[in-house]
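2 protein chains.
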Amino acid sequence: MAKELKNLTKRADNYSQWYNDLVVKADLAELSPVRGCMIIKPYGYAIWEKMQQQLDKMFKQTGVQNAYFPLLIPKSFFSREAEHVAGFAKECAVVTHYRLRSTEDGTEVEVDPNAKLDEELIIRPTSETIIWNTYKNWIHSWRDLPILCNQWCNVMRWEMRTRPFLRTSEFLWQEGHTAHATKEEAEAKAQEMLKVYAEFAEKYMGVPVLQGVKSETERFAGALNTYTIEAMMQDGKALQSGTSHFLGQNFAKSFDVTYLNKENKPEYVWATSWGVSTRLMGALIMVHSDDNGLVLPPKLAPIQVVIIPINKGDEQLAQITAKLQPVIDQLRELGISVKYDDNTAKRPGFKFADYELKGVPVRLAMGGRDLENNTIEIMRRDTLEKENVSFDGIVERVKDMLEDIQKNIFEKARAYRDAHVYECDNYEEFKERVKNGGFFLCHWDGTAETEAKIKEETQATIRCVPFAYEQTPGVDMVSGKPAVARVIIARSY
Amino acid sequence: MAKELKNLTKRADNYSQWYNDLVVKADLAELSPVRGCMIIKPYGYAIWEKMQQQLDKMFKQTGVQNAYFPLLIPKSFFSREAEHVAGFAKECAVVTHYRLRSTEDGTEVEVDPNAKLDEELIIRPTSETIIWNTYKNWIHSWRDLPILCNQWCNVMRWEMRTRPFLRTSEFLWQEGHTAHATKEEAEAKAQEMLKVYAEFAEKYMGVPVLQGVKSETERFAGALNTYTIEAMMQDGKALQSGTSHFLGQNFAKSFDVTYLNKENKPEYVWATSWGVSTRLMGALIMVHSDDNGLVLPPKLAPIQVVIIPINKGDEQLAQITAKLQPVIDQLRELGISVKYDDNTAKRPGFKFADYELKGVPVRLAMGGRDLENNTIEIMRRDTLEKENVSFDGIVERVKDMLEDIQKNIFEKARAYRDAHVYECDNYEEFKERVKNGGFFLCHWDGTAETEAKIKEETQATIRCVPFAYEQTPGVDMVSGKPAVARVIIARSY
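Chains as they are written, first to last, in UniProt numbering: chain C, 1 to 493; chain P, 1 to 493.
Because the hints were derived from the structure by calculation, they are not lab data.
Just to be clear, a hint being listed does not mean it is correct.
Remember, identical chains collapse to one label, so a pair may be satisfied in a single copy or spanning two.
Said to hold, decoys possible - Once the Cα atoms are required to be at most 27 Å apart in a straight line, the calculated DSSO-like pairs of lysine-lysine come out as:
(1) K183 <-> K116
(2) K323 <-> K407
(3) K136 <-> K346
(4) K386 <-> K312
(5) K346 <-> K265
(6) K339 <-> K25
(7) K399 <-> K453
(8) K312 <-> K237
(9) K339 <-> K386
(10) K431 <-> K407
(11) K431 <-> K136
(12) K60 <-> K351
(13) K25 <-> K136
(14) K116 <-> K90
(15) K25 <-> K386
(16) K203 <-> K453
(17) K136 <-> K116
(18) K299 <-> K60
(19) K136 <-> K358
(20) K346 <-> K262
(21) K339 <-> K265
Please read these numbers as outputs of a predicted model, since none were measured by experiment.
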């Protein structure tokens, strides 16, 4: 077994360490010399690219177009929307100067104090401000609406505690920003994009999510409503995986964006914004993977099938390759990404462990005996089941298996999630049980005080008012007051 | 004719203003409130996306993988490679603080002086330093080589004079960074990527380019050799459209990156880097477009065919739509992007001018008489030729026309370029003629002094030692000394 694999921490021993280990050992990402910023390695980036491509396609199907807005935002823009600046001020990176110069002895460089900017610039933590400042020039009449823009970019939030993919100072994301003539249309768009996120998470990532709406405390800074998809990790903690915000007219008012309606009267424009980030990589890794390494959904796996010859000598390798070539060709014609690993510098055992670690969904292996018997070994990564099967019909078998794996890992994750959603209206019981993870469906009195108390005493937060569960009447488990909503409470990443 | 089009400056009147006008009027990009940074609008971004997709495919065919490295680079990294810092120090954006706070009266935000970084960070102007600092950990033995990484990202160079796409403080680009065991392999990779760029420019953008090598003065800061593709704009000026650098062992030495060779001895690693940017958009616009607006190559046009019904009343519109629908479907099945513009709020004349301005390669229009006669009007944007043709076989006709336009605009640009390459070995003549643009093929003595003199007296620079022209012996036109090379000299963007 490969050394890298042997050293992978077991989930049961330390789930958090298992995750950190896996990110590095599976070649997904590593820390950089810049505080809290990560380097996304080629294998990790290839997964992110597949996510991007699919999401981008789904966005465009809803009429969204891509654009690009500046990285740097004038500091003064943040003064305009009061809640927005309160939410982001503490985590900004500030550009103050624009030139370096050599020290007198020429061995170092320093910032040139004479090249100070008149107005400091902020590296975007999110782009509502600069985009609404731009929309002001794009929007004049109802004919200019709706505007449906998205950008794929990097953003910077100066986080104190960081973890690869889950929380990093710089991260990659997409941010959609739409402008509408009416409240109803904007609300509908915010909800539509949440559904796109949920569909992507479930159908492509194989990650079941609860859709819902955030409490006021947990809303995006400047939003009137924040919709969310919440996924459950294997330790029972929640991961907020995507959010879609109904922004009302807040940004339109702050940046004075009005349009002339059909009666030729000026009205403020209605807004949404919505985003998912490289954080999705964290969900993907944590939901499916096991003590042997990554488990990837076939639809997002950079390599869907690896084929390994197990040969004695070059002549047998040539025979095996000749036998396999039509299968490789046929799989590729079906659009399946195949890696044929005939690198003789590495032993088969090493390769087996390495591709398991990297989560390749299906592995085929063929040796001398298979050649004689017209058989081939097939292994599926999700269950680790291994079978020796007839070589005839192997293409069809692989294709079916990929589909089955995609379905199976989703069902498995959903069964796990559903088994860990608990109805609970007793606070003492809650406090005890929440330590072990899980989603708790509780009645809530709607106050920020109760929310704060729960967070302080249990580290758990209200994740959302979920759409999938019935809103029964009841009594708040903390205050004893009548409930205004039934919410999901959980510890989270 | 649409108002936007009427106001487009003519090329003959002011080529530079024509370009600036066109970028804005064709909805490609606009200036932002941040000095020298632009907003790329959806139509402009759609062209850039098509470029990216094709280039990315071509890179991957050469074995290159994408990755992502941090936006911010520790200041000290720039001290390590002396020429590199000299080249980039003056155009850096420097992050010094990481927090804002409200002023005492709460109306403004200011930078929190207590949140000063220990070491200032630079927004990447290019990523050699942080990438070679990373490669140190990735490279141990010859088995780890080559490394072939690319990243698509934003970079920042604090330019004093900016123009949309051609020179902006922030721009989008790709930067490839490869690491090799031998000098020969690295040199070959640098040249291979230049060929990829040249192929992309000519086959997809329809822009003929001269491939060549830069003089020492014009090299990338830290490179031993810089290869370039140079395109000629319609005013006869050169636009450097892509560069590929052989970096020798400079960065390996600065960041101490060695590998154990097959004899188990440590050796420094050899490097290349190569990049193209949103500057390519500038070349695309300037090479093909005319006084009516953009002319786009079909392979990169977001809309390849626009179809406009010219109807009297809703009933006729329904008839025209019914007749056209099979054509729309068939074109789309062929992978051709079609826009059917039946928006009744805009008049056909406005639409005609608008799609001309936006450079849509083929326009179809159908009115009542066409319906009766089983005909359709077809116009090609490159020549503005218009014909009334039989409706039968229109799909095939459109397909052929797209191919012909792609070919024609390249041939036209090549003929223009070739007609403006002059052999010249008389400096007085050169000084007079270079004012009118063109590429001058001149003998050069190889000294930086001569180069500086030419630049000072004529604003022209040595673009490259071109591969396509014979290296005949001769005498430097400025110094009268024996020449070491025959070079292309031109004014440039």
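To see whether the hints hold, each was checked on the structure:
no.	hint	verdict
1	K183 <-> K116	neither (43 Å within a copy, 42 Å between copies)
2	K323 <-> K407	neither (30 Å within a copy, 43 Å between copies)
3	K136 <-> K346	between (60 Å within a copy, 23 Å between copies)
4	K386 <-> K312	within (22 Å within a copy, 69 Å between copies)
5	K346 <-> K265	between (73 Å within a copy, 22 Å between copies)
6	K339 <-> K25	within (20 Å within a copy, 48 Å between copies)
7	K399 <-> K453	neither (52 Å within a copy, 67 Å between copies)
8	K312 <-> K237	neither (48 Å within a copy, 63 Å between copies)
9	K339 <-> K386	within (19 Å within a copy, 51 Å between copies)
10	K431 <-> K407	neither (35 Å within a copy, 72 Å between copies)
11	K431 <-> K136	neither (49 Å within a copy, 48 Å between copies)
12	K60 <-> K351	between (39 Å within a copy, 23 Å between copies)
13	K25 <-> K136	between (48 Å within a copy, 17 Å between copies)
14	K116 <-> K90	both (22 Å within a copy, 12 Å between copies)
15	K25 <-> K386	within (24 Å within a copy, 62 Å between copies)
16	K203 <-> K453	neither (37 Å within a copy, 65 Å between copies)
17	K136 <-> K116	neither (29 Å within a copy, 34 Å between copies)
18	K299 <-> K60	both (19 Å within a copy, 20 Å between copies)
19	K136 <-> K358	between (47 Å within a copy, 23 Å between copies)
20	K346 <-> K262	between (71 Å within a copy, 16 Å between copies)
21	K339 <-> K265	neither (62 Å within a copy, 32 Å between copies)
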